[in-house]
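Enquirer: If you want the building blocks of each chain, they are given just below.
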Amino acid sequence: MTFRVVHYINQFFAGIGGEEKAGEVLPELRQGVVGPGAALAAELKGQAEVVGTIICGDGYFAEHMEEATAKILELLNSCKPDILIAGPAFNAGRYGTACGAVCDAAAKQLGIPTVTGMYKENPGVDMYRKNTFIVSTADNARGIKEAVPTMAKLALKLLKKETVGLGPEEGYLERGVRRNYFLEETGAQRAAAMLAKKLRGEPFVTEYPMPVFDRVDPNPAVKDLKNATIALVTSGGICPKGNPDHIEASSATKYGEYDISSFAALSEADSETAHGGYDPTYANKEPNRVLPVDVLRDMEKEGVFKKLYDKYYTTVGNGTPVANAKRFGAEIGQKLKKDGVSAVILTST
Amino acid sequence: MVHICTIVPISLTVGANRIVPAVAIPHPLGDPSRTLEEEKVIRRKLVEKALRALQTEVSDQTVFAE
Numbered sequence: 019m020t021f022r023v024v025h026y027i028n029q030f031f032a033g034i035g036g037e038e039k040a041g042e043v044l045p046e047l048r049q050g051v052v053g054p055g056a057a058l059a060a061e062l063k064g065q066a067e068v069v070g071t072i073i074c075g076d077g078y079f080a081e082h083m084e085e086a087t088a089k090i091l092e093l094l095n096s097c098k099p100d101i102l103i104a105g106p107a108f109n110a111g112r113y114g115t116a117c118g119a120v121c122d123a124a125a126k127q128l129g130i131p132t133v134t135g136m137y138k139e140n141p142g143v144d145m146y147r148k149n150t151f152i153v154s155t156a157d158n159a160r161g162i163k164e165a166v167p168t169m170a171k172l173a174l175k176l177l178k179k180e181t182v183g184l185g186p187e188e189g190y191l192e193r194g195v196r197r198n199y200f201l202e203e204t205g206a207q208r209a210a211a212m213l214a215k216k217l218r219g220e221p222f223v224t225e226y227p228m229p230v231f232d233r234v235d236p237n238p239a240v241k242d243l244k245n246a247t248i249a250l251v252t253s254g255g256i257c258p259k260g261n262p263d264h265i266e267a268s269s270a271t272k273y274g275e276y277d278i279s280s281f282a283a284l285s286e287a288d289s290e291t292a293h294g295g296y297d298p299t300y301a302n303k304e305p306n307r308v309l310p311v312d313v314l315r316d317m318e319k320e321g322v323f324k325k326l327y328d329k330y331y332t333t334v335g336n337g338t339p340v341a342n343a344k345r346f347g348a349e350i351g352q353k354l355k356k357d358g359v360s361a362v363i364l365t366s367t
Numbered sequence: 126m127v128h129i130c131t132i133v134p135i136s137l138t139v140g141a142n143r144i145v146p147a148v149a150i151p152h153p154l155g156d157p158s159r160t161l162e163e164e165k166v167i168r169r170k171l172v173e174k175a176l177r178a179l180q181t182e183v184s185d186q187t188v189f190a191e
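So the protein lines, in turn, are chains H and S.
Each step along the first sequence adds one to the number in the numbering used here, with nothing skipped, and position 59 is 77.
Each step along the second sequence adds one to the number in the numbering used here, with nothing skipped, and position 2 is 127.
Simulated from the structure, these hints should not be mistaken for lab results.
All of these numbers come straight from a predicted model, not from anything done at the bench.
Cβ atoms here follow ideal geometry from the backbone N, Cα and C, with glycine treated the same way.
Certain hints may be false.
Claimed, not checked - With a cut-off of at most 25 Å between alpha-carbon atoms, the simulated DSS-like pairs for lysine-lysine come out as follows:
{"no.": "1", "chain 1": "H", "residue 1": "K272", "chain 2": "H", "residue 2": "K355"}
{"no.": "2", "chain 1": "S", "residue 1": "K174", "chain 2": "H", "residue 2": "K329"}
{"no.": "3", "chain 1": "H", "residue 1": "K319", "chain 2": "S", "residue 2": "K170"}
As the list claims (entries may be wrong) - To give an idea of the chain H side of the interface with chain S (calculated C-beta under 10 Å), a few residues:
{"no.": "4", "residue": "M228"}
{"no.": "5", "residue": "P236"}
{"no.": "6", "residue": "Y296"}
{"no.": "7", "residue": "A343"}
{"no.": "8", "residue": "R345"}
Could you put the whole structure together from the sequences, leaning on the hints where they help?
Expert: Dropping the structure here:
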């Protein structure tokens, strides 16, 4: 039997027009292949047929995401597809986002496998890498010759329910999916072999890549401390006695916001730490050791700076996913900025 | 923002730009082997250093060790 493939492309690759048409082209279905679909069909080598092509303008999709997705799913479903292949979008941000969103919706609502292709820095990658297979492509359409065969090969594997290998082997961007398997050598042996390679200056591949942290430019210095409002933020888990918001002892999913406007200092009677992973004795006995409210209140009285901000923000920095921490930071930053806070002292345990 | 923390390499890895090294993981701004008054002096010095860091222009990650 021949598998049924539906291909999703934007207005540009459909030959309708460029940016000037991006907002005008509503989702439409054409029979058979359009544009890059011809190359895709050739690579499917008779084992799967491109039965239809769905076209949508990138601007229209971005501005009407819900309606466009619903309409595209309806058109897709009418083709009785076995798989959806979208793009490749290369480094086009809105096209990549549309490809990712359409693949995600097709997988969730129609239960079919999906494949797309993007340049690794396309914003659609981080949004949808977990929800679909995104083949790694060049940053421009000249890379189509390499992208299409890889996408077709992966699509055929998915259609035939063959085991899909790791991202670097199959040519897709890693999805953050873990699969357990057995190896002959123990972790200790593999780690020692890796270390030996490192010492010899030979190439080696880590089994556990570290997250990549982004960088921000330093803020300018505080010019007028005497008129500054200083806020306290901590990842040391200090919170009101009894941890009223149940901030988790590890892998925190939330942060707390607590009023200290009437506090001259914290004490063991009113505060404690929610933090797991370190001995909480010292923080519970004297919480100012982690969140120095006492000293800052003294300095505020002395006029070193104008005001200690009325609230403090707190979470637990213990196995906390970077994505959560990033969200906490963004939200806390917005609030502090809105309230005219000049600078923040962040304490960590 | 200034980051008062004990494990400076972590702070550097995650990208803090102004870093003040602290006392110890379970008590970054205190030292339970001292009296409470002595501890408060230590804490005050660390906070003063943090405020100095905030008032210092930096172009890259900077550890305010002393």
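Enquirer: It remains to establish, for every hint, whether it holds in the given structure.
Expert: Here is how each hint holds up against the structure:
{"no.": "1", "hint": "H/K272 / H/K355", "verdict": "holds (20 Å)"}
{"no.": "2", "hint": "S/K174 / H/K329", "verdict": "holds (22 Å)"}
{"no.": "3", "hint": "H/K319 / S/K170", "verdict": "holds (17 Å)"}
{"no.": "4", "hint": "M228", "verdict": "holds (8 Å)"}
{"no.": "5", "hint": "P236", "verdict": "holds (4 Å)"}
{"no.": "6", "hint": "Y296", "verdict": "holds (5 Å)"}
{"no.": "7", "hint": "A343", "verdict": "holds (8 Å)"}
{"no.": "8", "hint": "R345", "verdict": "violated (15 Å)"}
The structure is inconsistent with hint 8 alone, although it conforms to all the rest.
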